[in-house]
Amino acid sequence: MADNISIDGIAYIVGRIVEKVREAVKESKDDKKDSFKDGRALAYYEILDILRTELSVREISLEEIGLDFDLEKELL
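1 is the number of the first residue of the sequence shown in this note's numbering; add one for each residue after it.
Just so you know, not all the hints are guaranteed correct.
[Claimed, not checked] Listed below are the simulated DSS-like cross-link pairs for lysine-lysine, each with C-alpha atoms no more than 27 Å apart in a straight line: (1) K37 with K73; (2) K20 with K73; (3) K37 with K26; (4) K20 with K37; (5) K26 with K73; (6) K32 with K20; (7) K33 with K20; (8) K73 with K29; (9) K32 with K73; (10) K33 with K73.
[As the list claims (entries may be wrong)] Label pairs and their computed distance ranges (CB to CB): (11) Y12 with T53: 25 to 35 Å; (12) D68 with S6: 28 to 38 Å; (13) E54 with E74: 18 to 28 Å; (14) D3 with L76: 34 to 44 Å; (15) E23 with I50: 17 to 27 Å; (16) N4 with F36: 16 to 26 Å; (17) G66 with K26: 11 to 21 Å; (18) I5 with S35: 29 to 39 Å; (19) I7 with K33: 37 to 47 Å.
Derived from the structure by calculation, the hints contain no laboratory data.
Note that beta-carbon positions come from the ideal geometry of N, C-alpha and C, so glycine has one too.
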């Protein structure tokens, strides 16, 4: 088992999460009455927000990871 993960590995994982959050946001907007779908989209947003904070603290480029966009504007 690898002890460290590369920036490319982190970027791949983040990309998968971003893909899923965009799907969840679309589903939530398409069915505004379904609180589960809304909660799912918010949970994904919170995951990306935590990742963004932790990567910034470690001085890892958000652009290189694929998190250099306005989370609130795009996902809320």
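We went through each hint and held it up to the structure:
1. K37 with K73: holds (18 Å)
2. K20 with K73: Holds, because 17 Å separates the two Cα atoms, which is no more than 27 Å.
3. K37 with K26: holds (9 Å)
4. K20 with K37: Holds, because 12 Å separates the two Cα atoms, which is no more than 27 Å.
5. K26 with K73: holds (14 Å)
6. K32 with K20: Given that 27 Å is the threshold and the Cα spacing comes to 18 Å, the pair holds.
7. K33 with K20: At roughly 20 Å apart (the allowed maximum being 27 Å), K20 and K33 satisfy the hint.
8. K73 with K29: Satisfied, since the Cα-Cα distance of roughly 14 Å is no more than 27 Å.
9. K32 with K73: Given pair K32, K73 holds - Cα atoms ~18 Å apart, limit 27 Å.
10. K33 with K73: holds (21 Å)
11. Y12 with T53: 25 to 35 Å: Violated, since Y12 and T53 (Cβ atoms, about 20 Å apart) do not stay within the stated range.
12. D68 with S6: 28 to 38 Å: violated (18 Å)
13. E54 with E74: 18 to 28 Å: Since the Cβ atoms of E54 and E74 sit about 20 Å apart, the hinted range of 18 to 28 Å holds.
14. D3 with L76: 34 to 44 Å: holds (36 Å)
15. E23 with I50: 17 to 27 Å: Taking Cβ atoms as reference, E23 and I50 lie about 19 Å apart, which means the hint holds.
16. N4 with F36: 16 to 26 Å: Given range 16 to 26 Å: violated, Cβ gap about 36 Å.
17. G66 with K26: 11 to 21 Å: For K26 against G66, whose Cβ atoms are near 19 Å apart, the range 11 to 21 Å holds.
18. I5 with S35: 29 to 39 Å: holds (35 Å)
19. I7 with K33: 37 to 47 Å: holds (41 Å)
This entry does not satisfy hints 11, 12, 16, going by the numbered hints stated previously.
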